[in-house]
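Student: Chains as they are written, first to last, in my numbering: chain A, 1 to 153; chain Z, 1 to 429.
Think of the hints as simulated: they come from the structure by calculation, not from any bench.
Note that CB positions come from ideal geometry on N, CA and C, so glycine has one too.
A portion of the hints provided could be inaccurate.
[Claimed, not checked] Subject to a maximum C-alpha distance of 27 angstroms in a straight line, what follows is the list of computed DSS-like cross-link-like pairs (lysine-lysine):
#1 Z/K139 - A/K114
#2 A/K97 - Z/K413
#3 Z/K368 - Z/K250
#4 Z/K391 - A/K114
#5 A/K12 - Z/K413
#6 A/K114 - Z/K355
#7 Z/K139 - A/K97
[Unchecked claim] Pair ranges (Cβ atoms, derived):
#8 A/N143 - Z/T271: 24 to 30 angstroms
#9 A/N152 - Z/S120: 28 to 34 angstroms
#10 Z/D366 - A/N35: 49 to 55 angstroms
#11 Z/E66 - A/E57: 35 to 41 angstroms
#12 A/Y42 - Z/S120: 58 to 64 angstroms
#13 A/R56 - Z/S353: 18 to 24 angstroms
#14 Z/N144 - A/D85: 25 to 31 angstroms
#15 Z/G330 - A/Y42: 49 to 55 angstroms
#16 Z/N26 - A/M5: 26 to 32 angstroms
#17 Z/D145 - A/R56: 44 to 50 angstroms
#18 Z/G312 - A/I37: 32 to 38 angstroms
#19 A/Y42 - Z/E35: 33 to 39 angstroms
#20 A/N143 - Z/I110: 28 to 34 angstroms
Residues per chain are reported as follows:
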Amino acid sequence: MVKGMRKKILVKEEYCIGCRLCEIYCVTAHSQSKNLIRVFRYELGELAPAVIVEEREYTTFAVQCRHCEEASCVRACITGAMHRDSSTGAVYVDRDKCVGCWMCIMVCPYGVIKRGTGSNKVASKCDLCLDRELPACVENCPNEALVLTEVNE
Amino acid sequence: MRYLIIGTGPAGIAAAEKIRGLDEENEILMLTSEEIAGYSKPLITYFLGRKVNEDRMFYRPPWYFEERNISVMTSTKVIEVNPAKKLVITESGEAINYDRLLIATGGLPIVPEIEGLNPSEMEGVFTFTQWKDSKDVAKYITDNDVTEAVVLGGGLIGLKTTEALLELGLKVSIVELSDRILSNTFDKKASMIVTSALQKRGCNVYTNDTIVQVKGKKKITKVVLKSGREIKTKLLIIAIGVKPNVGFLKESGVRVNRGVVVNEHMETNITDIFAAGDCAEFYDPRLGKSSTIAIWPVAFSEGEVAGYNMAGERVSYQGGIPMNSVEIAGVATISVGNTSAEVENVEILEYESDKRSVYKKLVIKDGKLVGAVFVGDIDRAGIYTGLILQKVDVSSFKDDLMRDDFGLVYLPKEYRKKLMEGELKVWLE
Ligand SMILES: Cc1cc2nc3c(=O)[nH]c(=O)nc-3n(C[C@H](O)[C@H](O)[C@H](O)COP(=O)(O)OP(=O)(O)OC[C@H]3O[C@@H](n4cnc5c(N)ncnc54)[C@H](O)[C@@H]3O)c2cc1C
Ligand code: SF4
Ligand code: SF4
């Protein structure tokens with residue numbers, strides 16, 4: 001278990017309006033160009049957002065990796081690619097190690113790991129945008145349905 | 001004080017990690033009979049298929065152990081455990097004492113009796129459970145210009161090995177005793193889809209059959225099947241399964257049934273001796289049953305539980321279920337829990353699309369999901385695994401389970417809330 005402060009994105013179901021801006025900004029933040037329009041025109045097919053917007057009648061919310069304290073994906077990973085970073089407490093995929101065996105997809109109870117395709121056949125999921133001040137999805141949610149907090153463990 | 005761990009697989013490593021997390025001071029010593037510690041066993045087929053090189057084989061690289069002050073002794077095989085004196089004896093005659101001992105020795109490949117076969121004498125016959133096996137097979141293939149191979153056993157290891165051999169351009173024949181491949185975890189339909197994908201890649205699949213005779217003098221040249229068919233081959237891989245590796249405990253007084261019998265704290269019948277992983281047989285008091293499930297996530301979780309308890313924190317194992325994720329001949333598959341329709345009083349939900357080459361099946365018993373199979377489309381499979389492990393009553397949203405867009409939004413609000421906030425503890429408590 002990691003002790004200390006850890007960042008977490010809270011999902012506020014009651015505020016989500018299902019606009020899917022989080023998905024678009026997530027893809028953009030992880031794209032080559034980092035340019036919304038370019039991403040929309042040329043890169044969207046290859047990139048999958050790490051945040052998933054779910055919708056059913058009047059309920060809608062966005063969900064991404066929970067960076068679980070007892071992460072099932074880390075337990076199941078046969079290569080060690082899926083690991084918890086000891087300094088940030090977040091769960092990351094080491095893309096060089098991952099072999100695309102999808103053991104992690106089999107066990108993640110949130111269903112938030114995606115399969116990369118083609119030459120990019122590695123697991124992909126939310127990295128909390130730790131190179132930015134705020135995760136792209138949180139920053140661009142117009143209704144504060146995604147909120148960043150820090151938890152102490 | 002010394003924590004001694006026999007085995008550097010996921011069970012041993014998980015235990016060492018948990019112990020170190022709770023106890024920074026005392027010595028942790030890990031032993032392995034193999035020449036290399038910290039590599040990942042499931043990667044040996046990727047290594048053979050040249051998808052993973054030497055560097056990427058390491059699940060935990062050597063510096064990882066150093067950094068955590070965990071000592072490792074390689075090529076050190078334990079042949080005896082003496083609980084009265086609290087020590088283990090190695091093959092070279094060395095005695096190593098312990099205060100708390102973890103047995104995490106994994107499994108040994110099962111080799112059947114076959115006429116004409118003496119695996120230690122005949123060249124070209126291999127089992128496939130260690131990195132060394134992978135290196136030996138790779139060398140044998142090159143040295144002998146092997147172009148075709150026979151794989152005995154259509155289970156997980158057999159199929160993953162087949163995949164690697166196909167990758168190397170070999171012509172492969174699989175021989176499987178039961179009526180279908182992956183019979184432990186797949187239903188008939190899923191087996192059929194994967195079988196035909198294999199056949200399209202030029203692989204022969206012989207089910208309801210086995211090898212009754214092996215021919216060849218120094219090197220294997222041919223196998224004879226029960227059905228009478230003869231297959232010429234220079235390479236035979238035996239992959240019919242593994243059994244708990246517990247022979248060295250015979251005189252120890254540690255209770256062994258099929259595997260080392262452990263309770264929910266991974267304790268054996270002897271104080272200060274724990275066991276976890278493929279060598280352990282977990283007795284589940286709530287089910288009144290014991291089982292050995294030889295898969296990675298189970299080994300890792302059991303190792304964690306052992307580690308916690310060895311370091312003095314009481315943690316209970318919640319029990320595991322069989323599950324697997326394998327991609328065969330380009331088809332991604334995941335199977336979890338009990339997936340055969342042969343189980344009694346179950347309700348089956350199925351989805352099939354020939355166009356998308358997708359097959360999905362869910363098995364429901366007493367209102368709860370007990371099994372799931374996904375072929376071709378495995379996205380979000382873990383949500384179902386979560387429902388199975390958490391034993392959630394799915395009656396109220398059963399009709400939504402097979403929807404294309406099934407997700408957390410279809411779960412009962414209470415369960416979803418618990419998921420979103422509480423970070424469910426799926427494996428341990
Ligand atoms: C080819 C292959 C592919 C696999 N693919 C998958 C997969 O995709 N998914 C999955 O879930 N599972 C897979 N498995 C199964 C998985 O690897 C095992 O369940 C897991 O490794 C068990 O972990 P363990 O720690 O119990 O034992 P092991 O990993 O078997 O480790 C046992 C350790 O004990 C040591 N040891 C044994 N005897 C002695 C002794 N007498 N003295 C000292 N040391 C000893 C060994 O050297 C080794 O270090 C695969 C297995 C194989 C062989
Ligand atoms: S991928 Fe899934 S299991 Fe892993 S940390 Fe994220 S939410 Fe948890
Ligand atoms: S797909 Fe990659 S990250 Fe996921 S379990 Fe396999 S190796 Fe680990």
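Student: Compare the structure with each hint and give your call.
Tutor: Now for the hints, and whether the structure bears them out:
For the hint pairing Z/K139 with A/K114, the CA-to-CA distance comes to about 36 angstroms; that exceeds 27 angstroms, so the pair is violated. Using a Cα cut-off of 27 angstroms, the hinted pair A/K97 and Z/K413 is violated, with the two alpha carbons roughly 37 angstroms apart. Taking the CA atoms of Z/K368 and Z/K250, the gap is near 41 angstroms; set against the 27 angstroms cutoff, the hint is violated. Between Z/K391 and A/K114 the CA atoms are separated by roughly 25 angstroms; this keeps the pair inside 27 angstroms, and the hint holds.
Of the pairs offered as hints, the one joining A/K12 and Z/K413 holds, with about 13 angstroms between alpha carbons and a cut-off of 27 angstroms not exceeded. For a cut-off of 27 angstroms, the pair hint linking A/K114 to Z/K355 stands: about 22 angstroms separates their Cα positions. For the proposed pair Z/K139 and A/K97, the alpha carbon gap of about 25 angstroms is at most 27 angstroms, so the pair holds. Checking the proposed 24 to 30 angstroms range against A/N143 and Z/T271 shows it is violated: the Cβ atoms sit about 58 angstroms from each other.
Restraint check, A/N152 to Z/S120: a C-beta distance of roughly 58 angstroms breaks the suggested window 28 to 34 angstroms. Remark: the range hint 49 to 55 angstroms for Z/D366 to A/N35 is upheld by a beta-carbon distance near 54 angstroms. In this structure the supplied range 35 to 41 angstroms is violated for Z/E66 paired with A/E57, their Cβ-Cβ distance being about 55 angstroms. For A/Y42 and Z/S120, the hinted distance range of 58 to 64 angstroms is satisfied, since their beta carbons lie about 59 angstroms from each other.
The given range of 18 to 24 angstroms is respected by A/R56 and Z/S353, whose C-beta atoms sit roughly 22 angstroms from each other. The hinted range of 25 to 31 angstroms is not satisfied by Z/N144 and A/D85, whose Cβ atoms lie roughly 46 angstroms apart. A C-beta distance of roughly 27 angstroms is found between Z/G330 and A/Y42, which places it outside the suggested range of 49 to 55 angstroms. Between Z/N26 and A/M5 the beta carbon distance is about 28 angstroms. The supplied range of 26 to 32 angstroms therefore holds.
About 59 angstroms separates the C-beta atoms of Z/D145 and A/R56, a value inconsistent with the hinted range of 44 to 50 angstroms. Between Z/G312 and A/I37 the C-beta distance comes to about 58 angstroms, which lies outside the given range of 32 to 38 angstroms. Checked against the given bound of 33 to 39 angstroms, the beta carbons of A/Y42 and Z/E35, roughly 49 angstroms apart, lie outside it. The hinted range of 28 to 34 angstroms is not satisfied by A/N143 and Z/I110, whose Cβ atoms lie roughly 59 angstroms apart.
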